[in-house]
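A.B. asks: Construct the entire structure; sequences and hints are all you get.
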Amino acid sequence: MNKNLLAFTAFALLIMHLPVSARNVRDNIVIVGSSTVYPFTTVVAENFGRMTRFKAPIVEATGSGGGLKLFCAGVGVRHPDIANSSRRIKSSEFEDCQKNGVKNIVEVKLGYDGITLARSNKGKAFELTLKQLFLALAKEIPDPSGSEKTVPNPYTHWRQIDPSLPDSSIEVMGPPPTSGTRDAFVELAMEGGCQAFPFIKALKDNNENTYKTICHSIREDGAYVEAGENDNLIVQKLDTNPNALGIFGFSFLDQNTDKLFGLKIDGVEPDFDEIASGAYPISRAMYIYVKKAHVEMIPGLKEFLEEFTSDKAWGDEGYLTDKGLIPMPADERKRFADDVRNLKELEM
Amino acid sequence: MNNRTDSLSTMEKVRKGIAKRRSAERRFRFYGLTGIVLGLVFVLILFISIIGKGYGAFQQTQIALDIEFLESVIDPNQTRDSKVISRADYNSLIRKSLTKVFPEVKGRRQIRDLNRMISSGAMFQLRDRVLEDPSVIGRSERVWLLASDDYDMLMKGHIERSVPESERRLKDHQVAWVDKLLEQGLIKKRFNTFFFTAGDSRAPEMAGIRGALMGSMYTLFVTLVLSFPIGAATAVYLEEFAPTNKWTDLIEVNINNLAAVPSIVFGLLGLAMFINFFGLPRSAPLVGGLVLTLMTLPTIIIAGRAALKSVPPSIREAALGMGASKLQTVFHHVLPLALPGMLTGTIIGMAQALGETAPLLMIGMVAFIVDIPKGIFDSATVLPVQIYLWADSPERAFVERTSAAIMVLLAFLISMNAVAVFLRKRFERRW
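One line per chain: the protein sequences are G and C, in this order.
The first sequence begins at 1 in the numbering used here and counts up one residue at a time.
The second sequence begins at 1 in the numbering used here and counts up one residue at a time.
Derived from the structure by calculation, the hints contain no laboratory data.
A quick note: this is a predicted structure, and the numbers were derived from the prediction, not measured.
In this text, a Cβ means the ideal position worked out from N, Cα and C, and glycines have one as well.
Where hints are given, some of them may not hold.
[To be verified] Here are the simulated BS3-like cross-link-like pairs (lysine-lysine), alpha carbons at most 27 angstroms apart as the crow flies: (1) G:Lys312 with G:Lys109; (2) C:Lys106 with G:Lys323; (3) G:Lys124 with C:Lys171; (4) C:Lys83 with G:Lys323; (5) G:Lys122 with C:Lys83; (6) C:Lys189 with G:Lys259; (7) G:Lys122 with C:Lys171; (8) G:Lys139 with G:Lys212; (9) G:Lys259 with C:Lys171; (10) C:Lys106 with C:Lys171; (11) C:Lys53 with G:Lys323; (12) G:Lys131 with G:Lys149; (13) C:Lys171 with G:Lys264; (14) G:Lys131 with G:Lys204; (15) C:Lys188 with G:Lys323; (16) G:Lys312 with C:Lys96; (17) C:Lys156 with G:Lys259; (18) G:Lys292 with G:Lys90; (19) G:Lys69 with G:Lys259; (20) G:Lys312 with C:Lys83; (21) C:Lys374 with G:Lys55; (22) C:Lys156 with C:Lys188; (23) G:Lys237 with C:Lys156; (24) G:Lys259 with C:Lys53; (25) G:Lys99 with G:Lys69; (26) G:Lys122 with C:Lys53; (27) C:Lys53 with C:Lys156; (28) G:Lys264 with G:Lys131; (29) G:Lys323 with C:Lys189; (30) G:Lys312 with C:Lys106.
[Said to hold, decoys possible] Derived DEER-like restraints, expressed as beta-carbon distance ranges: (31) G:Glu226 with C:Val419: 41 to 47 angstroms; (32) G:Met297 with C:Lys326: 32 to 38 angstroms; (33) G:Val225 with C:Lys83: 51 to 57 angstroms; (34) C:Gly185 with G:Gln160: 56 to 62 angstroms.
C.D. replies: Here's what the structure looks like:
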């Protein structure tokens with residue numbers, strides 16, 4: 001027995017002395033941030049790692065807000081080099097960055113992502129306007145009798161909103177409040193629909209807080225189901241429940257065209273061309289933010305940005321479009337590629 | 001007389017009750033059996049659904065192409081320098097041989113579609129082939145190349161041919177290409193070695209579990225090396241040497257409470273202590289192992305103390321009576337007897353640690369990492385995180401990979417438990 005114990009201790013000591021590579025400098029790029037931008041950054045990261053002599057960057061999906069917080073924590077190898085974001089950096093975040101010594105930030109717009117409303121193929125097709133969408137999902141809506149008051153949302157079936165809509169109950173599955181997709185959906189779809197009411201639109205100038213509460217609050221009585229951050233789960237649930245609608249990024253619709261179809265919004269089909277042209281109303285831009293101070297410090301960062309902004313990645317036929325990225329028009333791409341080459345600093 | 005009638009009536013009461021008591025026992029046995037059967041059915045459903053979804057991932061569709069390894073493309077100056085060779089444009093070789101198989105395909109769009117049939121990773125297969133054996137340059141050879149994920153899904157029946165063309169990811173002309181290859185025997189499902197040798201990838205056909213598997217191993221290694229000695233020493237000291245006073249009581253209560261702390265809290269602690277204060281690298285198995293050590297320590301200590309308590313006092317008394325010192329008593333007699341129980345506790349703790357993702361989220365191990373970690377300082381991810389990341393990917397082909405990764409995780413767990421059972425059997429002593 002004693003021998004056994006001894007042997008075990010010896011073994012433990014032996015393996016503890018396995019060679020370890022001590023690292024004072026970092027030789028790989030670290031990227032944090034939005035889970036919406038994650039599918040695109042990871043593809044570039046992987047290709048970059050395979051094609052060049054540099055190591056593949058590490059990409060963490062922390063959400064836009066969480067990513068920018070890490071990004072702005074300071075300069076040095078312990079802090080990330082790039083932040084993914086599915087919205088523009090907020091001025092409060094920018095100030096936070098400045099305070100922590102992250103003075104020079106380069107902003108790169110990647111392209112667009114459409115937020116789609118989809119339904120199972122087994123159900124019937126119908127289209128929605130932003131106004132109808134707002135009436136279906138808002139917590140408080142303008143009094144249907146016409147007075148300039150808001151009442152708690154009374155609608156339970158689509159038909160009640162507009163006779164042209166199907167007679168099924170309102171059931172929408174979408175992302176929770178922590179998600180950037182939700183932020184963008186609220187800002188673009190809900191607020192867009194909300195502005196169809198003149199008296200609410202007027203509130204924007206004189207009482208912005210009330211305006212925001214009305215336009216940005218999604219109902220909590222069960223008609224809107226927070227389905228978690230996992231979009232695949234929403235796809236599966238839609239497949240088993242043909243009455244429900246789901247809200248997710250265009251790439252998930254693109255991969256599941258045999259099971260789902262996207263609803264036309266304001267008469268526009270959610271497809272590649274319509275989102276790229278800007279005709280589809282619910283689309284948002286995606287960004288990455290780069291620390292200028294790290295460009296010299298981290299090997300490969302400059303080359304990584306070049307790969308990212310090359311036409312073979314983000315161009316009209318680049319490999320990112322295979323993953324569902326909606327590219328920017330050529331002149332806008334050129335402008336951002338130039339900004340990256342000159343490391344033009346973001347000012348706010 | 002009076003007494004007799006009394007005892008008779010007692011017997012009658014007993015007899016009357018017998019049937020009731022027996023049926024109560026039968027009912028209870030029935031409940032117990034139902035519980036077991038239900039449990040087994042659920043486990044069975046779980047296994048069937050995972051294996052049913054995941055077994056497909058162990059096969060991968062590959063396409064055979066006769067590749068001409070043209071010297072003019074690979075190494076025009078005949079340097080045979082590995083740097084030149086690895087930078088060559090292998091895609092053009094693939095394109096060339098594809099047009100030979102499908103001479104009828106014309107038009108930019110069609111040709112683009114045709115080239116997409118082969119995975120974007122195929123060029124690395126060719127590169128590795130040439131690097132391994134440069135003499136292949138200038139010759140022609142039949143190579144099995146990875147098909148891209150959509151074609152793989154078609155071959156496995158996850159993209160159905162019966163669906164109308166407009167709703168299918170692969171259009172009719174693409175399906176016709178597959179049929180042509182099938183006729184010539186140039187496309188088939190082969191064993192998926194990539195799944196076990198490659199790291200993570202965003203292209204499903206190139207994604208492998210090895211990176212996460214190695215990450216899990218390194219992390220668990222750190223956890224085991226730290227938590228077992230510390231946990232065992234703590235348990236032995238508290239149980240055998242420590243005086244009973246309010247300090248040891250306080251420590252005991254705290255250890256018990258610590259076992260119930262949600263794991264994410266340990267992640268936050270790890271972020272604040274190991275990464276921000278000590279400056280250890282983010283995403284490293286070392287930090288992951290440290291955090292998981294904190295999490296598993298209470299489990300190991302509590303199990304260790306229970307094992308020590310179950311050693312009969314007569315053993316200690318006999319040893320002391322024979323003149324052994326306290327230390328000798330513990331190490332020669334008590335500890336060997338308690339070791340099987342301690343090992344069980346350790347394995348339960350390690351199994352918990354293996355399945356944990358929440359604390360790792362905070363320390364950056366939930367990340368997309370292509371390179372396979374080579375040590376405890378390299379960035380890595382672990383098996384449950386890999387499962388989560390794949391489950392969240394839009395590509396259809398990741399569904400089967402998710403289930404396959406779960407199978408690998410379960411296999412890891414079962415083999416770990418098997419080692420524990422083996423060790424326990426070896427060390428087991430009876431008294």
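A.B. asks: Now look at each hint and say whether the structure bears it out.
C.D. replies: Going down the list of hints, with the structure as the test:
1. With a CA separation close to 16 angstroms, the supplied pair Lys312 (chain G) and Lys109 (chain G) stays within the 27 angstroms bound.
2. The hinted pair formed by Lys106 (chain C) and Lys323 (chain G) meets the criterion: a straight-line CA distance of about 25 angstroms does not exceed 27 angstroms.
3. Of the supplied pair hints, the one linking Lys124 (chain G) and Lys171 (chain C) holds, its CA atoms being roughly 24 angstroms apart against a limit of 27 angstroms.
4. Straight-line distance between C-alpha atoms of Lys83 (chain C) and Lys323 (chain G) comes to about 30 angstroms, which puts the hinted pair past the 27 angstroms bound.
5. Restraint check for Lys122 (chain G) and Lys83 (chain C): the C-alpha separation of about 54 angstroms exceeds 27 angstroms, so the hint is violated.
6. Between Lys189 (chain C) and Lys259 (chain G) the CA atoms are separated by roughly 25 angstroms; this keeps the pair inside 27 angstroms, and the hint holds.
7. For the given pair, Lys122 (chain G) sits about 21 angstroms from Lys171 (chain C) by alpha-carbon distance, which is consistent with the 27 angstroms threshold.
8. Taken as a hint, the Lys139 (chain G) and Lys212 (chain G) pair is honoured in the structure, with Cα atoms around 12 angstroms apart against an allowance of 27 angstroms.
9. Distance check on the hinted pair: Lys259 (chain G) and Lys171 (chain C) sit about 15 angstroms apart at the alpha-carbon level, within 27 angstroms; holds.
10. For the given pair, Lys106 (chain C) sits about 16 angstroms from Lys171 (chain C) by alpha-carbon distance, which is consistent with the 27 angstroms threshold.
11. The hinted pair formed by Lys53 (chain C) and Lys323 (chain G) meets the criterion: a straight-line CA distance of about 24 angstroms does not exceed 27 angstroms.
12. For the given pair, Lys131 (chain G) sits about 17 angstroms from Lys149 (chain G) by alpha-carbon distance, which is consistent with the 27 angstroms threshold.
13. The hinted pair formed by Lys171 (chain C) and Lys264 (chain G) meets the criterion: a straight-line CA distance of about 23 angstroms does not exceed 27 angstroms.
14. This hinted pair checks out: Lys131 (chain G) and Lys204 (chain G) have alpha carbons roughly 17 angstroms apart, not beyond 27 angstroms.
15. Between Lys188 (chain C) and Lys323 (chain G), the direct Cα distance comes to roughly 26 angstroms. Compliance with the 27 angstroms bound is thereby established for this hinted pair.
16. Among the hinted pairs, Lys312 (chain G) with Lys96 (chain C) is consistent with the structure: their alpha-carbon atoms are about 20 angstroms apart, no more than 27 angstroms.
17. Between the alpha carbons of Lys156 (chain C) and Lys259 (chain G) the distance comes to roughly 17 angstroms, so the proposed pair stays at or under 27 angstroms and holds.
18. Straight-line distance between C-alpha atoms of Lys292 (chain G) and Lys90 (chain G) comes to about 19 angstroms, which keeps the hinted pair within the 27 angstroms bound.
19. Our distance criterion of 27 angstroms between C-alpha atoms is broken by Lys69 (chain G) and Lys259 (chain G), whose separation comes to about 38 angstroms.
20. Under the criterion of a C-alpha separation no larger than 27 angstroms, the hint pairing Lys312 (chain G) with Lys83 (chain C) is consistent with the structure, at around 23 angstroms.
21. For the hint linking Lys374 (chain C) to Lys55 (chain G), the alpha-carbon distance of about 13 angstroms falls within 27 angstroms, and the restraint holds.
22. Of the supplied pair hints, the one linking Lys156 (chain C) and Lys188 (chain C) holds, its CA atoms being roughly 10 angstroms apart against a limit of 27 angstroms.
23. For the suggested pair Lys237 (chain G) and Lys156 (chain C), the alpha carbons sit about 23 angstroms apart, so the restraint of at most 27 angstroms is met.
24. Between the alpha carbons of Lys259 (chain G) and Lys53 (chain C) the distance comes to roughly 18 angstroms, so the proposed pair stays at or under 27 angstroms and holds.
25. With a C-alpha separation of about 12 angstroms, the suggested pair Lys99 (chain G) and Lys69 (chain G) falls inside the 27 angstroms cut-off, and the hint holds.
26. The suggested pairing of Lys122 (chain G) with Lys53 (chain C) holds, with an alpha-carbon distance near 23 angstroms, which does not exceed 27 angstroms.
27. Between Lys53 (chain C) and Lys156 (chain C), the direct Cα distance comes to roughly 11 angstroms. Compliance with the 27 angstroms bound is thereby established for this hinted pair.
28. With a C-alpha separation of about 13 angstroms, the suggested pairing of Lys264 (chain G) with Lys131 (chain G) holds against the 27 angstroms cut-off.
29. At roughly 25 angstroms between alpha-carbon atoms, Lys323 (chain G) and Lys189 (chain C) fall within 27 angstroms of each other, so this suggested pair holds.
30. Straight-line distance between C-alpha atoms of Lys312 (chain G) and Lys106 (chain C) comes to about 22 angstroms, which keeps the hinted pair within the 27 angstroms bound.
31. Taking the beta carbon of each, Glu226 (chain G) and Val419 (chain C) are about 42 angstroms apart, inside 41 to 47 angstroms as hinted.
32. Remark: the range hint 32 to 38 angstroms for Met297 (chain G) to Lys326 (chain C) is contradicted by a beta-carbon distance near 57 angstroms.
33. A C-beta distance of roughly 55 angstroms is found between Val225 (chain G) and Lys83 (chain C), which places it inside the suggested range of 51 to 57 angstroms.
34. The hint said 56 to 62 angstroms for the Cβ distance between Gly185 (chain C) and Gln160 (chain G), and at roughly 60 angstroms that hint holds.
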